[in-house]
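Peer 1: Single-letter residue listing:
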Amino acid sequence: MKHRLRFGALVTSVAEARRAEELGYDLVAVSPDERDPWTLLSWIAGHTERVGLAVTGLDAADREPTVLGRAAASLDLLSGGRLSLALTGEHLGEVTDIVRGVLDADQAGPLRYPGEHHRVPKAQRGPLPAHRIPIWLTGTDPASLALAGRTADGWIADLEQVSADELVTAYKIIEAAASEADRDADEIRRILIVDPDRSAAELSALGADTFLFRAAVLPDLTAWETLRDSSGPSVFRPASVRSKRRDGIAYDELPASLAATAVEPGDLDYARVRSTYMRGGAPGLVLRPTTTAEVVEALAVARAHPELPFGLRSAGHGVSGRSTNDGGIVVSLAALNTIEILDEARRLIRVGPGARWMDVAHALRPYGWALSSGDYGGVGVGGLATAGGVGWLARKHGLTIDHLHAVEMVLADGSVVRASATENADLFWAVRGAGANFGAVTSFEFEAYEVGDVGFAQLVVAADDPADLLVTWGRAIEAAPRDLSGQLIMGPPRPGQPAYAQLMAVVDSDDPETIIEQVQPIAAIAPLYQQEVVLTPYAGVISNAADGGYHQGVGEPTSRSGLIEHLTPAFARAVVKLLASGAVHWFQIRTVGGAVADVPADETAYAHRSANFSVIVMGSSKQRVDAAWAGLAEHFDGLYLSFETDQSPERVADAFPPATLARLRELKLRYDPDNLFRDNFNIKAAAR
Amino acid sequence: MTDYGQDLLFGTFITPTAQPVHQAVELAVVADRAGLDLATFQDHPYLPKFHDTWTLISYAAARTTRIRLSGNVLSLPLRQPAVLARSHASLDRLTGGRIELGLGAGAFWDGIEAMGARRLTPGQAVTALGEAIEIIRAVWSSEPGPVRVNGEFYQADGVKRGPAPAHDMSIWVGAYKPRMLRLIGRAADGVLPSLSYLEGGPADYAVINQHIDDSAVAAGREPARIRRMLNINGTFSGFGKSFLNGPAEQWAEDLAGVALEHGVSTFILASDDPAAIEEFAGDVAPAVRELVAAERAH
Ligand SMILES: Cc1cc2nc3c(=O)[nH]c(=O)nc-3n(C[C@H](O)[C@H](O)[C@H](O)COP(=O)(O)OP(=O)(O)OC[C@H]3O[C@@H](n4cnc5c(N)ncnc54)[C@H](O)[C@@H]3O)c2cc1C
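Taken in order, these protein sequences are the chains called B and V.
Under the working numbering, residues 2 to 689 are what the first sequence spells out, in order.
Under the working numbering, residues 1031 to 1328 are what the second sequence spells out, in order.
It is worth saying that the hints were derived from the structure and are not from the lab.
Do not rely on the hints blindly, as some may be mistaken.
As the list claims (entries may be wrong) - The calculated EDC-like cross-link candidates involving lysine to aspartate or glutamate, where the alpha carbons are at most 20 Å apart (straight line), are:
| no. | chain 1 | residue 1 | chain 2 | residue 2 |
| --- | --- | --- | --- | --- |
| 1 | V | K1190 | B | D34 |
| 2 | B | K123 | V | D1140 |
| 3 | V | K1079 | B | D270 |
| 4 | B | K3 | B | E265 |
Said to hold, decoys possible - Beta-carbon label-pair distances, calculated as ranges:
| no. | chain 1 | residue 1 | chain 2 | residue 2 | range |
| --- | --- | --- | --- | --- | --- |
| 5 | V | D1303 | B | G82 | 25 to 31 Å |
| 6 | V | Q1154 | B | S235 | 47 to 53 Å |
| 7 | V | D1037 | B | S235 | 51 to 57 Å |
| 8 | B | D221 | V | E1320 | 53 to 59 Å |
| 9 | V | K1190 | B | D221 | 32 to 38 Å |
| 10 | B | G369 | V | M1031 | 51 to 57 Å |
| 11 | V | Q1154 | B | K3 | 38 to 44 Å |
| 12 | V | P1174 | B | R120 | 34 to 40 Å |
| 13 | V | D1303 | B | S621 | 33 to 39 Å |
| 14 | V | N1275 | B | E514 | 38 to 44 Å |
| 15 | V | D1303 | B | D511 | 46 to 52 Å |
Stated by the list, open to error - If we take Cβ atoms under 10 Å as the criterion, some of the chain B residues that face chain V in the derived model are:
| no. | residue |
| --- | --- |
| 16 | V15 |
| 17 | L41 |
| 18 | A62 |
| 19 | P66 |
| 20 | G81 |
| 21 | H119 |
| 22 | R126 |
| 23 | A131 |
All residues carry an ideal CB built from backbone N, CA and C; glycine is no exception.
Using the sequences and the hints given, assemble the complete structure.
Peer 2: Here is the structure:
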């Protein structure tokens, strides 16, 4: 059998639906009575958690097909992917096409459907449902059966209305129509409404794969359970989905634990996982492990495909890290996103790599704690805490990795290890700055610190003399107390418009006077166009990413990074030239130094501790950006890998000074000699 | 001064955003717990960024226990009258009488047409809405025989009656213009405009009342039975600045003024901010009730 056998129950109330859910039924279906069945089904959806949801036959004439498509997407989203849509009525071919067209949110352009009975001029598609909603059709006449064979995902019949013999004929007609339409008849589920007074043998003789029991009192499933357990796999991919598979991937050999959540190009969820925040991608397989044990299995899959690209992903904000690719494998750790308090007295927390920093900030806020990460709340723990973490409190509290106590990680050989100052200390050293080369970190233990409300200043100042502005801002920052960290953003000059710069600063103090006193010297460097200074919880500063949705990055970013100690006049002049070139659309300087520089250079793999500033540019043409950036190169001492898209050996050498790189290469040889982890500033293993 | 003496209701106007999936439901739960009377949702079926409003209402009804729910307002051109009647009555019975019917004649015709429905002129839309109300009431009624309404835009010939709602369900109509207001006076149970569309601010309500009252009287209906409602938006801030921009006490005075001056008895706050919803429920609503009761007692 191609499909896993399923058992459902016809229900008329929430009580019955809940009973079916308790008894382990796969789905409940409401059959139309005096009430509106869609309303009843939505109501039941709100009162159940797990069980599948269907109407035995929804009259297609009750709703505009486009609205029906939206309604189906909504109910599927709200219920967490539990809906099947069974339709009855006229012109079901057209209705099915339109509903599918609306649900196909990943398809470009609006839905235009010039049907004979239903015309859709140009409806917007979406929302994208939670899963591919199967459409079941009904009707026992030859035309209905043929339609089901051509287009349906399932066909539903009632054994009170067809005999077992008629059923055999009906299935034959469906199969013939399917093969005529070049479809695999196995793709069409056979749903049958029956009385539960039948033995397992009688049921299986009927040839259906989904049985909906009509019963005043629902039986438990023990009599049929063996039947279900011996049936097909729980995930079934029709030929249309399988046809989008990429070469060289052993799709059908995935362990069951991963198969349940894996996403391949034909799957509906592919739209949600293919791309990242910064890049468009088309991976051949995305694995979504939910436990450390599954991460081990997922890495084994990656290991078994050494010739394909392999990306590791946490929250998908990689700039340097290629956490998506074309035709390769991605292991997404998004599901490992728990945030736990381990020891309240010591402020120890444990965080999964898939958590986003704004979620971490919200979880810590009730305790009066924070952990400086970066400036954007959507960024993931996994990518940032394996590289550095230049955040809003960097000068006061250092890098994010400076507060890391231990990690659990899966190594290239599949072993699960803990690394800390006392266990696997070299690995712990390497993880803090070059983690992406050594394994998949499955949990991070940090020591958070107390942070009350902070001052957050957002200023816009005149930049008539941008070079002078940079130098004075740099001096003001270096002279500022460590409470203050910040950044400067400038754009290319725009003809006919006054030049300006955006200055931002966070002051780690909840005293308004201290905040004003510390922001004042920054605000005084040039005439102010705009200013806003607010007192806010740290979580308020970092809660700047949208909830919900998924990454829809396109193309390939170009970003360059350099670390610098002082913003000298010569550097500032070079920046003015770079901006004038028009090659970059984003120019930003972030503050490091302070507590970041307290940590000795050899203590972590992030070694460029003496820099006071981190400079970032982004542009669309790699060639032009590189050419403009070349003028700045002589002023830098190293780079922060998280903002650098060039992955050449020269850049790797810029990211890690010689002694650091030499040690990393030795460790790479020890921990990942076959170079499984290679998507982010890949370190060449030392020669054997 | 026009005060119809209607009991006061306070509600929320929640964006039915499809992302995050459960945001709108969670806000309805917040409003339910905070003690508001109504959770209402706009309906723009042509916009995929929103949930299907009726599905959302049915699901949110299951997740709340006390609050009443309605569309604000449902787009008639994309929803059939008999189905509206049946689905509202069904949910009303399931919830024990927590559902009201908020209906609009259709606003964004380009979007409506793009979805495959017909485009109507404003005048036609008023007629269509009148016919729809007739069908809806006929489906709900317990009169013998099937529904027979033979309208210009809607025909219901032999449609089965029932189910009847669990309570005397109101039909509230989003309206601004005279023809629609007169229809409300004749046939609906409430008028539901948005403050942001009233060019003259709350004072525009005087004209709205005039049209409704005249038409109600002409139809032999009691004007006071037609609920005057208002979608509002504003900002809670430290000190009073302008209408609905200030602390809760100022909001209360502003709203009590509108209630007593124009008889508006239902205030629906457009907000997706749980804190604002709670402040509206906890600080504003009781204060308005108190101010209005004190004035009415005079
Ligand atoms: C809008 C934006 C703002 C940013 N602001 C800052 C900032 O202020 N400060 C700062 O320091 N950085 C900042 N960054 C850079 C950011 O820290 C990195 O891009 C980081 O890698 C993103 O982490 P992620 O988990 O979201 O990314 P992903 O794309 O999921 O991962 C990126 C790379 O990290 C590695 N990786 C991910 N998870 C793991 C893991 N569990 N174990 C081992 N390696 C892993 C992989 O090599 C992967 O390719 C910013 C990025 C963006 C897009």
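Peer 1: When the hints from earlier in the document are held up against this structure, which numbers fail?
Peer 2: 11, 14, 15
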